[in-house]
Amino acid sequence: MYQTTNTRIIVPEFDVRQPTSLEAVLRELEHNAKGTRLLAGGTDLLVQIKLERTQPARLIDITRVPELMGMAVKDGMLIVGAATSIRTLANGVGVRERYTALAESCDAFSTVPVMIMGTIGGNLCNASPAADTAPALFAFDGAVELASCEGSRRTVPLDEFFVGPGRTVMREDEVMVAVRLPKTAAGTGSAFVKIGRVAADISKVSAAVKLVRKDDRVSECRIAVGAVAATPMRAYTAEQYLAGRRIDAKTLADAARAVEEDVKPITDVRSTKEYRTHVAGVAVKDALGAAWQRARGGERQ
Amino acid sequence: MSTTVKIPATHLETGSRQVGRPLERIDAKGKAVGSTRYAGDYVMPDMLHAKVLRSTVASANLRRLDVTKARALPGVVCVLTGADVPKHMVSTDIPGQTGSWGQNTGQPILVHDRVRYFGEPLALIASESRDIAERAMTLIEPEYEPLPGVFDPIEALKPEAPLVQGVGNVVASQMVRKGDVKHGFETADVIVERVYRTQFIEHAFLEPEVGLSWIDENDVINIHVSTQVIEHFRVVADAVGLPYNRVRIRGALVGGGFGGKEDVTVEIYLALLALATRRPVRLEYTREDSFVGHGKRHPFVMTYRTGVKNDGTITALEAKFIADAGAYVFLSPSVMVYAATAAPGPYKIDNLIADAKAVATNNMYTSAFRGFGAAQACVAYEQQMDEVAKAIGMDPVKFRRKNYMRAGDRTATGVVVPSAIWTEQCVDQAWTALGEPVEVSGPIKIGRGVAACLQGYGRLTSLHDTSEGWVGVERDGTVTVRSGVTDIGAGQVSALAQIAAEVLGVTLQDVAVYNSDSAVTPLAGTTTATRALYMTGNAIRQAAEAVRRRLAQRAAKAFNVPPDDIDMAFSKVFVADDPAQSMAFRDLVRICAAEGIHCSELAMFCAPFTEKLNPETGQGQVHPDFSYGAHAIELTVDTETGEITVIKSVGAHDVGRAINPAAVEGQIEGGAVQGQGYALSEEMIYKEGRLMTPSLSEYLIPTAMDVPQVKCIILESGSGLGPFGAKGIGEAALTPVAAAIANAVADAIGVRIAELPITPEKVVNALREKE
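Going down the list, the sequences are from chains A and B. Our numbering applies: residue 11 is where the first sequence begins, and numbers increase by one. Our numbering applies: residue 325 is where the second sequence begins, and numbers increase by one.
These aren't lab readings, by the way, just hints derived from the structure by calculation. You may find that some hints are simply not true.
[Stated by the list, open to error] Quick list of in silico lysine-lysine cross-link-like pairs, PhoX-like style, CA-CA up to 20 Å:
{"id": "1", "chain 1": "B", "residue 1": "K726", "chain 2": "B", "residue 2": "K672"}
{"id": "2", "chain 1": "B", "residue 1": "K633", "chain 2": "B", "residue 2": "K672"}
{"id": "3", "chain 1": "B", "residue 1": "K633", "chain 2": "B", "residue 2": "K722"}
{"id": "4", "chain 1": "B", "residue 1": "K644", "chain 2": "B", "residue 2": "K672"}
{"id": "5", "chain 1": "B", "residue 1": "K1086", "chain 2": "A", "residue 2": "K283"}
{"id": "6", "chain 1": "B", "residue 1": "K1011", "chain 2": "A", "residue 2": "K283"}
Hey, can you work out the whole structure from these sequences and the hints?
Okay, here's the thing in structure tokens:
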């Protein structure tokens, strides 16, 4: 919450670098990591600067780096460059079919300018508890690949990436290179549900589900919920409960209740703790129902 | 008791060559292609940039305001504080073009010693760049001594409450008394009571406040500004201590007002800085500045108690309104008059008590907002109508039909309405237009609601409102219109061109309108209170008709027929029964010019003038006339998440005569969207006076994705007091929307949420309590 009644349109001065290779990005970081922020679209960062919540001395724009953009399938794994725009990701070949929940989470960005400017890496590194793509990537067991200026590379499972609101395990000398998503198994269905205030809005609550349906039972299930805790979170209790069960009215209600017990939302200007708790259950229930239907059809995996 | 204005009938009464057509407005193309210049698009050489420093506390003594460091910053040219403008207070806009004098709001232009709301202006800065002005603001550190504040009007009424202004916290009140309420309730079979609440809301016009000031070669302060009221030149002159004829305000096309640019905005600051620096000064609010910089819509607590017989006859109504006036009075007194006198809505209720009180708090001050108190009243009376209907098991539309005020009936204040009352037609048509309901299943429930309204058009008749306008014809056959009217986006200027074109038999493209300049265009009064078309349109029509009469007289001589036989159309003048006898319009103008026949006219239109309402009984005329309309809604409610989706939105309004039907549709659509935001998502949240929704990411207005295609039904009774029988639509378009939505939600879920905005959180809670 701002303590001021005035905001700036002309922001404080800062340097902007626009490297065109990953190597150049890392070189920039090597020279001066302190006070540097990576600019990966800017739909959040530029607002933060305007509100003076952050005052970087230097921005490194990574949206002109070919290695960080676009998508590829390697050994069945979908690799998405960190600077790939939300819109490009949503329209990626096979994304909607195989990673339905992820495509739906991209759709939830809603306004075309934000979808074009915003990037997957930016959405994750901004580390908002309400980041729309995070629950979907949790559900698909995603991981992020980080590169440091010292030349080291590491892969961090997404469920270990977020530390708190606005905080991740990424170090100042690192840049996110890509998001990696394992191949989806046969019989997979997934769905993403967002509850906002108006169509173009930050989530009050979001939920993503990926499940594998085998012999009309849930053989595997991952559920993640956004905007209900300090970081996007897995709903482990519900996942464990559902394993081996059929999806019907009773199991849906039980799973929803389990989610309500696991989440730890807050009251803020967008919604209340009580409402978020309740609706987290509803969102998971709706996502589970949709994922279950899709898994049977097999037309979307 | 009632005075009605009579417009002389002329043979022009049936105009239809230009008037009544959905013509492309003269301002349309520029807006579509982006070439329109707004007040913010003007710059001047050597111009300074200004900022306003505002308080970050809601109630405090200002101990110290040290501006030394800010003044020392290179590039800062001027810093003004309360000490530099010691005596001056902000006035309300009551002047306009009226017989009333400006009313002091009690607010100093800049805080002297006492801060009464969060965002109250402390200092003005002018510097060589906006960046420097912003930096200078950070160098001023106000020292406050916190004082207890009061943030709720009900709390503020308690004897122990802190006094916001040092005197009683009730800053305005209006009573209406009619019939015998006690007897009315005694004869009722059923009595229904409910408290309805509305919230602070923000105008959220597209264009934040902006202006440019300079001192010209004649030592006149010029201010080019986005405003609804160019007559604020008087307020500015008072503030800076100049004669009224030494301040000139030039308006521009305005990117929306909705009442938020009715009070003075940046003008006084600009004048003070221009005088202090003798350089041009530009001041542009950011969205966040705008949110804290102008008054909001009054939140109301409305207690309604209605007595009804089992056959649906209303026997009595008692309505009590408590409004949050915020820290300074501004237009609260007038808002209370609107609210109290609109308490029964468009219904005939013979036994009535209505009390409206505006109470000071340390919240943001509240003032004009489209609907102006009557809109809040509608939120209550139309929800109450549904609840009463339900209580006696009657269909809500049928129940309304039984109680509509009809021609010849007296209003709450004892006046016979001078125009047609088409409430029934509006409700029936809006309701029918919903058609077949959409299909829903599972947790999704469908609901429908309707609301009717009355809304005065024209300012309070006790203000003695006038409007002047000038029309002249040129020797090439073109027409010039001069009017001080400000166009705030609804097509006010284009309507004048259409009216002049109709009367003088030319096309819209032949008319040029010069407007919104307090020094050179005839003063037309405010663009507020749904008055611009009514007042200015009549003035321009009168002026054009005077010119036409003189031209027709000369043409009659030429054709040797009586003047009444002369018609003018398609830039020709001809004998009506024998069009072969004709001449070009411009030739006639040339003849007149050569013979010294006066080819222009300055006309003045006066609204009815009345005394102020009797404060004890509230009886007497309030408005020149009323518009009647209705809105119908179909929506779905997800009973699991509480989410509401508006599916169908239909506005039906008797506009008297649609001068430009396309512009009328624009008003109805805009009203539907703004009303939807009022009902469902918009709320300025103040916590201990501090604004918790400081930008458009916290304050949620509906976007195109949230609003269905709005269906507009335009009814034309031809009975209005405006030009060609027009009534007003600006405010009426918004007034019934929120109540229709509230009624539809109650219909969908079977429980009423009597507090706006109806958020999913409230829906889920209400459903839980119901279980």
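For each hint, the structure was consulted:
no. : hint             : result
1   : B:K726 - B:K672  : holds (9 Å)
2   : B:K633 - B:K672  : holds (14 Å)
3   : B:K633 - B:K722  : holds (14 Å)
4   : B:K644 - B:K672  : holds (18 Å)
5   : B:K1086 - A:K283 : holds (13 Å)
6   : B:K1011 - A:K283 : holds (18 Å)
The structure is consistent with each of the numbered hints, conforming to all of them.
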